[in-house]
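Let the hints inform the model, and build the full structure from the sequences given.
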Amino acid sequence: MTDFKALLEALTGAGVELILVGGLAGIAHGSARLTQDIDIVYARSDENLEKVARALAQHHPYLRGAPPGLPFKWDAATLRHGLNFTLETTLGDIDILGEITGGGGYEDLLAHTIELQLFNRPVLCLDLDTLIKTKRAAGRPKDLEAIAELEALRDSRAEDSSPTSLEETAAG
Amino acid sequence: MAQSDWKDPVIEAYKRDVDLTLLRKNLRLTPEERILAAMELQKLAEEVRRAGREARRGL
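So the sequences go chain by chain: A and B. The opening position of the first sequence corresponds to residue 1 in this note's numbering, with each subsequent residue numbered one higher. The opening position of the second sequence corresponds to residue 1 in this note's numbering, with each subsequent residue numbered one higher.
Calculated from the structure, these hints are not laboratory results. Hints may contain errors.
Okay, the calculated beta carbon distance ranges per label pair [unchecked claim]:
| no. | chain 1 | residue 1 | chain 2 | residue 2 | range |
| --- | --- | --- | --- | --- | --- |
| 1 | A | 107 | B | 44 | 34 to 40 Å |
| 2 | A | 140 | B | 17 | 14 to 20 Å |
| 3 | A | 120 | B | 58 | 42 to 48 Å |
| 4 | B | 33 | A | 138 | 42 to 48 Å |
| 5 | B | 29 | A | 121 | 17 to 23 Å |
Some chain B residues close to chain A (C-beta under 10 Å, calculated; not the full set) [as the list claims (entries may be wrong)]:
| no. | residue |
| --- | --- |
| 6 | 23 |
| 7 | 29 |
| 8 | 32 |
| 9 | 36 |
| 10 | 42 |
Taking lysine-lysine and the DSS-like style, the derived pairs with C-alpha atoms no more than 25 Å apart in a straight line are [claimed, not checked]:
| no. | chain 1 | residue 1 | chain 2 | residue 2 |
| --- | --- | --- | --- | --- |
| 11 | A | 133 | B | 43 |
| 12 | A | 5 | B | 43 |
| 13 | A | 142 | B | 15 |
| 14 | A | 5 | B | 7 |
| 15 | B | 25 | B | 43 |
| 16 | B | 43 | A | 142 |
| 17 | A | 133 | B | 7 |
| 18 | A | 5 | A | 51 |
| 19 | B | 15 | B | 25 |
| 20 | A | 73 | A | 51 |
| 21 | B | 7 | A | 142 |
We treat Cβ as the ideally placed atom computed from N, Cα and C, and that holds for glycine.
Here you go:
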């Protein structure tokens with residue numbers, strides 16, 4: 001099981017600049033689909049790489065699915081030399097992404113986010129339209145149902161301006 | 001038809017099966033509550049998987 005709360009607290013507590021994307025972003029928007037991991041896009045500044053490395057170090061990140069014993073060193077230099085990392089940690093699985101298909105990197109996505117209050121901290125989350133756009137761009141057959149659900153959420157929001165829409169509950 | 005009006009027929013077909021009652025229920029929660037509920041669901045799924053594994057071992 002992935003402890004979404006603890007992972008988010010570890011990252012935001014360290015001041016990591018991140019944007020929540022993927023399945024958990026969908027859940028934040030109201031999706032009923034289950035996800036097993038957290039996907040974040042992180043800023044690639046030197047300062048932020050240090051923060052990401054520090055935030056997760058105590059949770060022993062390792063390459064998910066890789067055989068044990070590989071010479072994988074978790075630090076800012078490793079982050080700098082790579083881009084997207086699929087990791088397992090003692091808190092569960094997390095994908096640390098420098099870029100996503102159809103969306104680009106942190107700076108590109110920043111204008112397409114909403115701010116959520118999660119566990120007493122502000123967290124940027126990809127807005128619904130951009131989340132749909134990036135899932136479409138990924139072109140994975142497994143995302144078709146997810147896209148349909150996200151579009152249904154968008155449709156219902158357009159039809160219903162009741163106080164149940166995400167924007168009006170985003171403050172938590 | 002304007003580009004913005006275009007709807008992907010594949011997605012529209014999938015949309016017919018989306019359970020709107022679940023979405024409406026979720027939309028009554030805050031984003032934080034939605035994430036906590038997803039964690040509870042994950043725990044349940046894990047427990048069901050464990051029970052399934054044990055049952056298969058007992059067969």
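For which of the previously enumerated hints does the structure constitute a violation, in increasing order of number?
-> 4, 11 and 14
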